[in-house]
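Use the sequences and the hints to build the structure in full.
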Amino acid sequence: MVQILDVMKKALEGKPMSEVDWQRKLFAPTIRRLVKEHGIKFDPDNPIHNDDSLADDVFEAGFELLLETGVFCTDTSRIISYTEQEIKKALRNAPDKLRVGEGRDRKEFVPRKIEDKTPPWCLLGAAGAACSSDKSFLTLVEGYAEIPETNAITTPAITVAGGMRIRPASPLELYGTIRNAVLAREACNRAGRQGIPIMNSLATAESGISLSAALNPKYGMRSSDGYMIGCLDPMRVDFDRLNKVVLALSLGAPIGMDFAPLLGGYSSGPEGTAVSDVAHHLMGILTYQTSYSIPFPLHLQYISNSSREMLWVISAAGQAISKNTHLLSLSLNYTSAGPCTTMCLSETSASVISAVASGLSIESVGVASNKEEDRTTPVEPRVSAEIAHAVAGMKRTNANDLVKELLAKYESKLSSPPLGKTLYECWDPENRKPSREFQGVIRGFKKEIGDLGLTVGLERLL
Amino acid sequence: MTNEQMITTIKEAVLDYNLDAAVDATKTAIEKDMPPMDIIENALVPSIREIGDKFGRMEAYLPELVLAADIMTACTAMLIPLLPKEGRESKASVIVAAVQGDIHDIGKNIVVSMLIASGFNVIDMGVNVKTSVLVEKAIESKAKIICASALMSSTMGSQKDLIDFLTALGERDTHVVLIGGGPTSKEWADNIGADNWGPDAVSAVRLVEEHSGVRGD
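Residue numbers (our numbering), protein chains in the order written: chain A, 6 to 467; chain B, -11 to 205.
There's no promise every hint is true.
Said to hold, decoys possible - Below are the DSS-like pairs computed for lysine-lysine, each with C-alpha atoms no more than 27 Å apart in a straight line:
1) A:41 - B:-1
2) A:418 - B:174
3) B:174 - A:376
4) A:376 - B:148
5) A:122 - A:102
6) B:148 - A:30
7) B:42 - A:418
8) B:42 - A:41
9) B:-1 - A:140
10) A:426 - B:42
11) B:42 - A:414
12) B:42 - A:46
13) A:452 - A:418
14) A:30 - B:42
Said to hold, decoys possible - Stretches of chain A that chain B covers, calculated by requiring three or more beta carbons in the stretch to come under 8 Å of a beta carbon on chain B:
15) 161 to 170
16) 235 to 243
Stated by the list, open to error - Some but not every residue of chain B turned toward chain A, in silico, with C-beta under 10 Å:
17) 29
18) 46
19) 49
20) 55
21) 58
22) 62
23) 88
24) 91
25) 140
26) 141
27) 172
No lab work stands behind these hints: they were computed from the structure. Glycine residues also receive a C-beta, built at the ideal position from the N, C-alpha and C atoms.
Dropping the structure here:
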């Protein structure tokens, strides 16, 4: 079985190649050829497809992509290659369940299959969105912990420490990361969910040294949390990321790799993006020693994954993984629109439906492309979770009809989406409820989604 | 073969992303004494522009942009020495970099490819470029424009550092500083004193074109 020292050996002794050549002359043409060879075709009429053989084709192409291109180590400029046997063995040995959290919040995260009735694991929160103050961090995380469906928290990332904007791998980032740990635990305590796991530990830690600093036990991080490490798209790694792998392994903690194959980037179109998505899942269990995967394929122009093509990518890669492996995979969704807009709620619903019907669990949600400071609220993940639970077990054909209805409501607005409102413009931290205006938006959405045949309660919000 | 036929052949080769065919067709046009500026303006530029438009509509992707940039570089390398001296200058020198601390390269690579394809002399400094090194290069190369990208909120500060360094060295007025990247905005650009902000690669090229005539090398 490939272990982290084997990965290092491969990184030090693999085939040397320039990064530019690996991306341009190996990765991009290989993915294009594999898409062609396997006859993979995006079908705009069926954003959630219903074709088991397509799921197998996408899986095989993803497997072959990793086998042929390997993973590029940017620090050594060498290719980390894996044999067919190593990949197959890693797939067999990958965790098929994960117990995270403590006390009554300790739950079992299990893999799902296509059209599975098992409720998806709901990793809810801000997905590392930029957050400028302790107050807004606490407000958000407390709100996420209060969502009944929350199995685990995905926190925001802190952008300011000591009144200064955080700089990468600086003392400010270390302090911000420590604060990230302490405040996340405090917010969960306030909500009475002391044991809930934080599964994007730690969003503020861009660098390994920051993660290391925050792991001092007095800051409250636990081996029952999940440690998330980002992958450089496409399929690249550096020593700083491998340092984080070693840190999490030394804790005996589960590792999740988040990765964002870009539609329009080196993976080319929707077909290549789905294939790349699958290959990233496989590279994660080997290179990052992952227990769970967090795919968030993104559209290069919209920086979200709610468009028709992206729903197809989520569905195609999701079905490939859930049909052919027992990997634990959480589909992370990004919306284009911001809080207090119906479009944002429709977008997050569509992405979540595509993931859940295709056999994935969810991490939700990056709001307004996850790039604006303090532009997210506890409402969006709450809606995602209720929708996710409501569609568990739904047939793909019905899910496909549903997302087409939703697409009709927002598709034309993706290129200039409404950014909505910031946290305190539409969320009352004292009453822990959305503003009156936002409640009106939620009521309207509840009616719209109800007219499409889905019932969501959204109690406590209204 | 008429000039029109030669132009069509070059355009077809470019739109087919066929580097060898584009180079061969350009060589043929040169051998047939077709004016080099005609080849650039009537064959290369329109076809490269078409590829850029396709990228804007997501009908072409980053690998195609990269190939288009390679073709433009190879063909103009043959044509520029043949131009009269006054026509040999490329549009402007542009430095492109992901700022200190930022290792995200895909957006930057798209901007680089589109700028090369549009005929600019591009100095791609890569990712995680130390601010002092970026500034030294800008001064040394007399680049008119600096495009600095930051994809993380924690690296936006390095864009401000860039402005601060240029100002401290008395070089602020000799360089146009354009910024971009996910968490950045026009407001942030105004806040730190950048000349402009682009939300995507297409607008980055438009801004470079707009600003390249503003201040001299």
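Against the structure, the hints:
| no. | hint | in the structure |
| --- | --- | --- |
| 1 | A:41 - B:-1 | holds, 26 Å |
| 2 | A:418 - B:174 | holds, 21 Å |
| 3 | B:174 - A:376 | holds, 14 Å |
| 4 | A:376 - B:148 | holds, 18 Å |
| 5 | A:122 - A:102 | holds, 17 Å |
| 6 | B:148 - A:30 | violated, 36 Å |
| 7 | B:42 - A:418 | holds, 20 Å |
| 8 | B:42 - A:41 | holds, 21 Å |
| 9 | B:-1 - A:140 | violated, 58 Å |
| 10 | A:426 - B:42 | violated, 33 Å |
| 11 | B:42 - A:414 | holds, 26 Å |
| 12 | B:42 - A:46 | holds, 20 Å |
| 13 | A:452 - A:418 | holds, 21 Å |
| 14 | A:30 - B:42 | holds, 22 Å |
| 15 | 161 to 170 | holds (count 3) |
| 16 | 235 to 243 | holds (count 3) |
| 17 | 29 | violated, 28 Å |
| 18 | 46 | holds, 6 Å |
| 19 | 49 | holds, 4 Å |
| 20 | 55 | holds, 9 Å |
| 21 | 58 | holds, 9 Å |
| 22 | 62 | violated, 15 Å |
| 23 | 88 | holds, 8 Å |
| 24 | 91 | holds, 7 Å |
| 25 | 140 | holds, 7 Å |
| 26 | 141 | holds, 4 Å |
| 27 | 172 | holds, 8 Å |
Of the hints listed earlier, those the structure fails to meet are numbers 6, 9, 10, 17 and 22, in rising order.
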